[in-house]
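> Each residue of the sequence shown is one higher than the last, beginning at 0 in numbering that gives the first Met the number 0.
These are computed hints drawn from the structure, not numbers from a lab. Keep in mind the model is a prediction, meaning the values are calculated, not measured. All C-beta atoms in this analysis are idealised placements derived from N, C-alpha and C, irrespective of residue type, glycine included. Treat the hints with care, as some may be off.
Claimed, not checked - Pairs of lysine-lysine, PhoX-like flavour, derived with a Cα cap of 20 Å: (1) Lys186 <-> Lys83; (2) Lys183 <-> Lys207; (3) Lys158 <-> Lys83; (4) Lys158 <-> Lys207; (5) Lys158 <-> Lys186; (6) Lys82 <-> Lys158; (7) Lys204 <-> Lys186; (8) Lys183 <-> Lys158; (9) Lys183 <-> Lys204.
To be verified - Now the in silico label distances, taken between C-beta atoms and shown as ranges: (10) Glu121 <-> His15: 47 to 55 Å; (11) Ile218 <-> Lys82: 26 to 34 Å; (12) Ser6 <-> Arg124: 42 to 50 Å; (13) Ser40 <-> Ile218: 18 to 26 Å; (14) Glu79 <-> Gly14: 36 to 44 Å; (15) Ala175 <-> Glu74: 21 to 29 Å.
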Amino acid sequence: MSLIIESLNHQISDGHNQRKLLSDLSLAVGQGECIGLMGDSGSGKTTLLNLIAGLEPIQQGQITLAGVELAHASEQQLSELRKKQLGIIFQQYNLLSSLSVQDNIAFSARLAGRYDASLCRELARQLDIQSLLTQYPLTLSGGELQRVAIARALSAQPKLLLADEPTGNLDDNNSAGVVALLVKLVKSHDTALVLVTHSHHVAGKMDKTYQLADGQLTIISKVV
0 MSLIIESLNH
10 QISDGHNQRK
20 LLSDLSLAVG
30 QGECIGLMGD
40 SGSGKTTLLN
50 LIAGLEPIQQ
60 GQITLAGVEL
70 AHASEQQLSE
80 LRKKQLGIIF
90 QQYNLLSSLS
100 VQDNIAFSAR
110 LAGRYDASLC
120 RELARQLDIQ
130 SLLTQYPLTL
140 SGGELQRVAI
150 ARALSAQPKL
160 LLADEPTGNL
170 DDNNSAGVVA
180 LLVKLVKSHD
190 TALVLVTHSH
200 HVAGKMDKTY
210 QLADGQLTII
220 SKVV
């Protein structure tokens, strides 16, 4: 398993009160498995991704990523885990404007000590952005930026990819194309994917989709 979540509980401050956001939540994600995560705003989807990424402390329960128990990991261990085992695709892309597309794609791989020029070229080819390699982010469309962000995340060969509304800024046609490519790529690289989305169409491309409500995950057998 790439990711194991066991009996996770998490509270947040809501005014003067504490609100239980996640309640005894458990989830297992295997290598190459694509998981969709849906839920109302404020249901805890982004918080769950942050906990998986080690960006927020675990209050109760356990998250195991690539064999590392996050609740017992040091800040250095968490940092190494994020560099070498985890990829993140942001809704706002978060590309570096001062770097070319080629250097943006290589950035995560270099950080992880896993730079592979041939892999970066192949990702660019598969995502149909090889003609953009010498351009800079400010010259690209939203769909092109998202494809570069996907290539960058996969260039480091992570065990798990987290995506928070990765197609939220794209129109339906671009969204469908990006999601289809993303699923194809993570499957070919045996990378697990946990993707937050409000789109039923996007969720329908996942192997499994869960609804997060009242702190619990409920599997959606068929997304329509």
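> Does each hint hold? Answer for all of them.
Right, here's what the structure says about each hint:
no., hint, in the structure
1, Lys186 <-> Lys83, "holds, 18 Å"
2, Lys183 <-> Lys207, "holds, 15 Å"
3, Lys158 <-> Lys83, "holds, 8 Å"
4, Lys158 <-> Lys207, "holds, 18 Å"
5, Lys158 <-> Lys186, "holds, 11 Å"
6, Lys82 <-> Lys158, "holds, 11 Å"
7, Lys204 <-> Lys186, "holds, 12 Å"
8, Lys183 <-> Lys158, "holds, 15 Å"
9, Lys183 <-> Lys204, "holds, 10 Å"
10, Glu121 <-> His15: 47 to 55 Å, "holds, 54 Å"
11, Ile218 <-> Lys82: 26 to 34 Å, "holds, 32 Å"
12, Ser6 <-> Arg124: 42 to 50 Å, "holds, 43 Å"
13, Ser40 <-> Ile218: 18 to 26 Å, "holds, 21 Å"
14, Glu79 <-> Gly14: 36 to 44 Å, "holds, 37 Å"
15, Ala175 <-> Glu74: 21 to 29 Å, "violated, 39 Å"
Checked against the numbered hints listed earlier, the structure breaks hint 15 alone; every other hint is satisfied.
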